[in-house]
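**Q** Given next are the chains, with one letter for each unit.
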Amino acid sequence: MTDATALDVSTDTRKSGRILYVASVVFLCAWVIVPIYFLLINTLSSPDAVNSFPKSFIPEFDFGSLQFFAGFAGMLTALKNSVIVALMTMVMSILIGAPAGYALSRFDFPGKGLFRLLILLTRAFPLPLLALPLAVMFIQTGLDDTVFGLALVHTTLAIPFAVLITFSLFSGIPIELEEAAWTLGCTRLTAFTKVVLPLILPGITASAIFAFVISWNEVFAAAVLTIENRTLTAFLLQNLDTSPLHLKFAGGFILVVPALIFIFAVRKYLFAMWGIANR
Amino acid sequence: MPMNARILPYVLILPVTLFLCLFFLYPFVLVSQQAFGSSDGGWSLDNFREVVNYWKFPISLKNTLLLAAAVVPIQLALALLMATMVSKMGKGRDMVLYIWTIPLGISDLAAGIIWLAIFEQSGFLNSMLSGIGVIDRPMNLLTYQNPWIVFLAIALAEIWRATAIMLVILVAGIGLIPKEYYEAADVFGASKWKQFTRITFPMLRPSLQTALVLRVILAFEIFAVVAALGGTLFPVLMGETYAYQFDLLNSGAAAAMALIILGISIGFTLIILRILRVPKGASI
Chain A
0 MTDATALDVS TDTRKSGRIL YVASVVFLCA WVIVPIYFLL INTLSSPDAV NSFPKSFIPE
60 FDFGSLQFFA GFAGMLTALK NSVIVALMTM VMSILIGAPA GYALSRFDFP GKGLFRLLIL
120 LTRAFPLPLL ALPLAVMFIQ TGLDDTVFGL ALVHTTLAIP FAVLITFSLF SGIPIELEEA
180 AWTLGCTRLT AFTKVVLPLI LPGITASAIF AFVISWNEVF AAAVLTIENR TLTAFLLQNL
240 DTSPLHLKFA GGFILVVPAL IFIFAVRKYL FAMWGIANR
Chain B
0 MPMNARILPY VLILPVTLFL CLFFLYPFVL VSQQAFGSSD GGWSLDNFRE VVNYWKFPIS
60 LKNTLLLAAA VVPIQLALAL LMATMVSKMG KGRDMVLYIW TIPLGISDLA AGIIWLAIFE
120 QSGFLNSMLS GIGVIDRPMN LLTYQNPWIV FLAIALAEIW RATAIMLVIL VAGIGLIPKE
180 YYEAADVFGA SKWKQFTRIT FPMLRPSLQT ALVLRVILAF EIFAVVAALG GTLFPVLMGE
240 TYAYQFDLLN SGAAAAMALI ILGISIGFTL IILRILRVPK GASI
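Same order as they appear, the protein sequences are chains A and B. Here the first sequence stands for residues 0 to 278, where the numbers follow numbering that gives the first Met the number 0. Here the second sequence stands for residues 0 to 283, where the numbers follow numbering that gives the first Met the number 0.
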C-alpha cells in the first residue's frame, strides 16, 4: 500500500465518520420533534380526522378539536387553576428559596452541612406522595381543594431546585463586587439590591420559570389534593378513561405549548443553573 | 458587622427550614403514622401486609423495576452520547441543544398523550405501517394481548421525555472539566475514545451521580405516562398508590405503598452513591 492510498482511506473514514455524526444529530433532533409534530397534527385537525384512519401527516388546520376542548365543561377553569397554582409556586419558591441560596453561597455557618443535607434529602424522596398525608392536614385547616393548598405542595417540590439553582447563580458572582460596594458606603442590603440583584435577576427569572414548569407539569399531588378546583393535568388524568381522543390530544397540546416557550426562554441559563448545583 | 454576619445566614435559611419542616418532615411523620397505624389505634404492620398480599402488588413491583431497568441505562447511554456530541459541536450547537432539551419541560402526562397519538389504534404507527403495506387494517396495539407493545410504548415515551434532564446535567458537568486535560491528552496522542474513558468519564462522576439518582428516583415514581398509555393494563406502584387513595379509599394502604416506594428509592440511591462515590478531594 502506498502512502497516497493510506491517506485516501483515512480521509474516507473521516468523511464517513462526519456523515455518521451529522446523521445522528439529525436523527436525534427528529426523535424529539416528530412526536410533538404528530400531536400538533391531531390538535389542528377536526375530531373526525383525529378518529379516522389512516392518518394524514399534514395538519388540516381545523380548529374543531381545540374548540371542543375549550367548550368541554370545566376545562377552561382547570386551565386557569393550573396557571394560578404555577404562578403561586413560582413566587413562593423564589421568595423562600433564594435567600437560602444566597446564604449557602456567601456564608460559612455551623449547621450548613445539616441544612444542605435537608435540601438534598428532599430530592431523594418521592415528594408527590406527601400529598397523601397533607390531604388530611389541609382538611383540618380548610386548605383542602384550594389552589393555594396545592401551590404549597408544589412549592415543596420546587424549593430544593430554587435553593440549589440560586446557590449556583450567587456563587457565580464574585464576592469582591459586594465588598467593593461596602467600602464605597453601601450596607449589606443596598449592596445586594444595587449590585448583586441586577446581575442575578435574569438567572432568578430563569429559575422562577423552572419552578413554574415543575408545578405546571405535576400530576399526582394535583390529582390527590383537588376535587372541584382541578388543575389541567389532574383534569386530564381523571378523564383519561372516558374522554374522546381529540380531547386528550388537544389537552396534551395545551400542556406542551408553555414547555416549548419556557425552555426557549431559559435555554441560556439551563446549563449554568445545573453546573454548580450538582456539586 | 461581625454580629450581623453571624446571625444573618440563619435568618436567610429560616423560611426554607420552616417551610420544609411543615410541608416535608411533618407530612412524612404523618404518612409513617398512617402506614404503621391500625384500626384500634395501635402500631401494626397490617397495612403493609394488606398491600403486599394484594394480587396486584408483585406485578406492579415487577413492572416498575422492569421499566426502571430498561429505561434508565438507555437514557444514560443516550444522554452521554448526546452530551459528547454537543461538546465538540461548532455552529448550530445552541439550536441542537434547545431541540434536545425541549422534553425537559414536557410533563409525563403530556408525553404519555404524545405517544398515545403514535400507538393508538388509528394512530401514526398504524398509519405508517399501512402506508408501506405491512398491514391492511389498523391493529389495536395497546391491549392486554400485547403486553410487550404496551411496555415498549411506555418505555419509549419515558426515554423520549426524561433523557433531557440527564443531558442537561451531563452537559453542565462536561463544561466544568478543564480544557487543559484534553489538550494534554492530544499532545500525548490519546485517542478520542481513550480521552472519553480516561478523562471525561471519571471527571463526570459527580454529575453522573446526580443524574442517576434523580432519574432512578423519578423512575420509581412513574405514573402519568403509564396512566395515559397503559391504563389498568400495566399496573405500577405509584398508580396502585393512587388507586388505594382514590378508588379503594384506603389511605392507610396508600400510605404503606408510599413508604414502600420511598424505601426502594432510598435503597437504590445508596447503591448509586456507593458505586459512583467520588473520592474525597478528587472533585474539581
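Where hints are given, some of them may not hold.
DSS-like mimics (lysine-lysine), calculated; alpha carbons at most 25 Å apart, straight line [stated by the list, open to error]: (1) A:Lys14 <-> B:Lys61; (2) B:Lys191 <-> B:Lys178; (3) B:Lys90 <-> A:Lys267; (4) A:Lys14 <-> B:Lys55; (5) A:Lys267 <-> B:Lys193; (6) B:Lys193 <-> A:Lys193; (7) B:Lys90 <-> A:Lys79; (8) B:Lys90 <-> B:Lys191; (9) B:Lys191 <-> B:Lys61.
Please keep in mind that the hints were generated in silico from the structure rather than gathered at the bench. Since the structure is predicted, the reported quantities are computational estimates derived from the model, not experimental observations.
**Q** Would you mind marking each hint as holding or not holding in the structure?
**A** Outcome of the hint check:
1. Taking the CA atoms of Lys14 (chain A) and Lys61 (chain B), the gap is about 46 Å. The hint is violated against a cut of 25 Å.
2. Proposed proximity of Lys191 (chain B) and Lys178 (chain B) is supported: the alpha carbons are some 14 Å apart, at most 25 Å.
3. Of the supplied pair hints, the one linking Lys90 (chain B) and Lys267 (chain A) holds, its CA atoms being roughly 16 Å apart against a limit of 25 Å.
4. A distance of roughly 54 Å separates the Cα atoms of Lys14 (chain A) and Lys55 (chain B); the hinted pair therefore is violated under the 25 Å criterion.
5. For the given pair, Lys267 (chain A) sits about 31 Å from Lys193 (chain B) by alpha-carbon distance, which is inconsistent with the 25 Å threshold.
6. Among the hinted pairs, Lys193 (chain B) with Lys193 (chain A) is inconsistent with the structure: their alpha-carbon atoms are about 48 Å apart, more than 25 Å.
7. A C-alpha spacing of about 40 Å is found between Lys90 (chain B) and Lys79 (chain A), which places the hinted pair above 25 Å, so the restraint is violated.
8. The straight-line distance between the Cα atoms of Lys90 (chain B) and Lys191 (chain B) is roughly 21 Å, inside the 25 Å bound, and the hint therefore holds.
9. Distance hint between Lys191 (chain B) and Lys61 (chain B) is unfulfilled; the C-alpha atoms sit about 39 Å from each other, more than 25 Å.
Of the numbered hints listed earlier, those contradicted by the structure are 1, 4, 5, 6, 7, 9.
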